[in-house]
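Participant: As given, the protein sequences belong to chains A and B, one line each in that order. Residues in the first sequence are numbered consecutively from 1, following our numbering. Residues in the second sequence are numbered consecutively from 257, following our numbering.
Among the clues, some could well be false.
Claimed, not checked - Coverage of chain A stretches by chain B, computed from C-beta distances (three or more under 8 Å per stretch; other residues unrestricted):
(1) 30-42
(2) 48-60
Unchecked claim - Calculated from the model, a selection of chain A residues having no Cβ within reach of chain B, i.e. all distances over 12 Å:
(3) Leu200
(4) Pro215
(5) Trp233
What the hints contain is simulated information worked out from the structure, not anything from laboratory work. None of these values were measured; they are calculated from a predicted model. The beta carbon of each residue, even a glycine, is placed where N, CA and C say it ideally should be.
Residue strings, one per chain:
There are 2 protein chains.
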Amino acid sequence: MCQLLGMNANTPTDVMFSFTGLATRAVEHKDGFGIAFFEDRGLRHFVDNRSATQSPVAELVKHFPIRSDHVIAHIRKATQGRVALENTHPFVRELWGRYWVFAHNGDLRGFAPRLHGAFRPVGDTDSELAFCWLMQELAKAHASVPSVEELSRTLRELLPQPAAHGTFNVLLSNGQALWAHCSTHLHALERRHPFGAARLADEDLSVDFSALTTPRDRVCVVATEPLTRHEPWQALLPGEMRVIAGGQTVDAGPCC
Amino acid sequence: MCQLLGMNANTPTDVMFSFTGLATRAVEHKDGFGIAFFEDRGLRHFVDNRSATQSPVAELVKHFPIRSDHVIAHIRKATQGRVALENTHPFVRELWGRYWVFAHNGDLRGFAPRLHGAFRPVGDTDSELAFCWLMQELAKAHASVPSVEELSRTLRELLPQPAAHGTFNVLLSNGQALWAHCSTHLHALERRHPFGAARLADEDLSVDFSALTTPRDRVCVVATEPLTRHEPWQALLPGEMRVIAGGQTVDAGPCC
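Model the full structure from these sequences, guided by the hints.
Facilitator: Below, the structure written as structure tokens:
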């Protein structure tokens, strides 16, 4: 199973600590990694088909503080699709003059939608196919970029369709919000004032967030499994979609 | 004026030497840099809105040998559009299940095409607008990914339209070929057996390619200005488009 990491903050924040926690799990998930950082409408997108424990690109991400309000990262254990750069999550497309970033943990069987729109997979994963279908259906549902509320309503209708074909834990962002859909495993944590210290679950590394933050900072982290000990991670329910913006959950509930 | 660098090789090759030469010129072209590497259908895309002389991302590219058959790089001196990540070349879109990469040197005035297709600019540069229009027109001209020859014919018809509005030195690749269009400044160099030593024009750095290559390797480099001394760089003619594949020019001639 792959591992997902998403972050949304109300002020640009670096994810070096959380990404280091995720990368520790790359010993098992060795078939590539990727991470995308929104900076306003702009996007930095790093992918490598090597393990995050060995990749010089992962080293850069761990040591270079990229401050972003929306981050999606993924470490891959290949289930469908070869180990190749074009099969490495997260995937990126442009729609309505905004970049969209998508990462998937799970496995879809027999999901073969008709692609008649402007989005085609470059690689051969079930994940990129599901993403292209989602983009196609969003493009059909709205003439131009709708509000986060409207997008969330549409996504609640769309996400159950691929999800019916297997496991579909998903992170999606267009830089305005982070949408998290849980099929089996997804956990969320909100950090806000008063900030304390956090210790990574898999590595002897801790951070005192109170020294790095201001009282008005708010950050929400979503990950396949909790990344830290002694923090109140919440498990998402199967079939739940959360909408995260401004560093907190703004909407949570089951899909249609 | 921005500076462009393109590379196509018949066997995956690193561009650390040429990129170091380009980055030296970033003292003047300080408003960001970007570089995209094709690895088969997959793509690595690095952008930074800081100068290539200061960016840790540029350091990674200079020191980490990424082997690729198609590379497009750009260092930016902003003429239109703010200094922002979303305005940093090269730009990327997907069409027909292939990534397309585009970088532009120059300035367009009054180019305001109607965008009715699936490609919209994320930032506010004339360059990304021209790229989105090109993608839209390619998508209209062909139902699925055509041959390099057919694409080249279509591009020869399309490229003069934005070029009529100003300076339009352009590099475009989909991982199958590199298309170079010259409006004012673009130089090409083919390196093949017997390889010799090359010395950067702006920096005291030389490479002996004969020690790094096999007799069947062929590499074509395209840049705004020659990057090395004592090598036979060829100036492209105004209005010329070159099609480069397999490490050599496969077609060259004026646009329609």
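Participant: Against the structure, test the hints numbered earlier, and report the numbers of the ones violated in rising order.
Facilitator: none
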